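Chemist: From first to last, the protein sequence lines stand for chains Z and R. According to the numbering used here, the first sequence is numbered sequentially starting from 1. According to the numbering used here, the second sequence is numbered sequentially starting from 1.
These are calculated hints, taken from the structure and not from any lab test. Given the structure is predicted, the values throughout are model-derived calculations rather than measurements. Virtual Cβ for every residue (Gly too), placed ideally from N, Cα, C. Be careful, since some hints might not be right.
Just some of the chain Z residues that point at chain R, by a computed CB distance under 7 Å [said to hold, decoys possible]: (1) Gln41; (2) Gly42; (3) Leu43; (4) Ser98; (5) Glu100; (6) Phe103; (7) Gly104; (8) Gln105; (9) Gly106.
Pairs of lysine to aspartate or glutamate residues, derived as EDC-like cross-links and limited to a Cα-Cα distance of at most 20 Å, are as follows [said to hold, decoys possible]: (10) R:Lys42 <-> Z:Glu24; (11) Z:Lys83 <-> Z:Glu15; (12) Z:Lys57 <-> R:Glu3; (13) R:Lys42 <-> Z:Glu100; (14) Z:Lys71 <-> R:Asp96; (15) Z:Lys57 <-> R:Asp96; (16) R:Lys1 <-> Z:Asp59; (17) R:Lys68 <-> Z:Glu100; (18) Z:Lys9 <-> Z:Glu72; (19) R:Lys1 <-> Z:Glu62.
Sample of chain Z residues facing chain R (criterion: CB under 10 Å; computed from the structure) [what the hints assert, rightly or not]: (20) Gln6; (21) Tyr33; (22) Gly40; (23) Cys91; (24) Thr99; (25) Ala101; (26) Arg108.
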Amino acid sequence: DGGITQSPKYLFRKEGQNVTLSCEQNLNHDAMYWYRQDPGQGLRLIYYSQIVNDFQKGDIAEGYSVSREKKESFPLTVTSAQKNPTAFYLCASSTQLSTEAFFGQGTRLTVV
Amino acid sequence: KQEVTQIPAALSVPEGENLVLNCSFTDSAIYNLQWFRQDPGKGLTSLLLIQSSQREQTSGRLNASLDKSSGRSTLYIAASQPGDSATYLCAVYGNDMRFGAGTRLTVKP
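Could you build all of it, start to finish, from the sequences and the hints given here?
Modeler: Here it is in structure tokens:
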């Protein structure tokens with residue numbers, strides 16, 4: 001089955017810890033994105049990548065880091081510098097920027 | 001920076017009613033506009049994609065229109081059903097992809 005897989009579905013983080021959210025796609029898409037969604041709000045762009053080994057900051061990149069070493073994978077690390085990390089995180093991909101995007105099922109991160 | 005607004009924020013209608021959801025955007029230099037559906041705690045499911053050269057797209061009971069010059073798109077849902085209850089999001093494609101806050105739709109049996 002072609003698609004985007006995010007894991008884990010639920011993640012709990014202690015204060016001061018870094019955690020990494022996984023996003024894998026087998027659609028052969030060049031572009032990948034990470035969004036954050038808070039209750040009652042729309043999606044806010046954290047990072048995006050147009051191609052392997054290249055990525056750009058979105059509107060709320062502070063406290064987050066990404067890598068794009070493989071076309072299929074775009075992991076997001078939530079660092080201890082992110083002061084309010086509890087949210088729903090969504091990964092997406094598209095053939096290239098500004099074309100139809102497909103989303104994973106999301107990871108819900110909770111700080112405990 | 002592109003700003004995307006969706007009105008209303010929430011809508012409750014009886015089953016069978018036709019309804020319109022609105023999306024407006026501030027920068028008309030867009031490539032595409034896409035409507036998504038999101039069920040609680042889930043990811044986004046694509047409903048319709050309108051390319052900038054198109055004025056509308058239809059899929060079953062859904063029809064989406066795009067007026068780039070006025071910065072508006074509408075999603076028309078015909079003969080609404082309880083299964084249509086969800087949050088509907090519009091995304092505008094420029095140099096990146098920007099979302100509105102969504103319209104939370106409830107269709108009552």
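Chemist: What are the numbers of the hints that this structure violates, sorted from low to high?
Modeler: none
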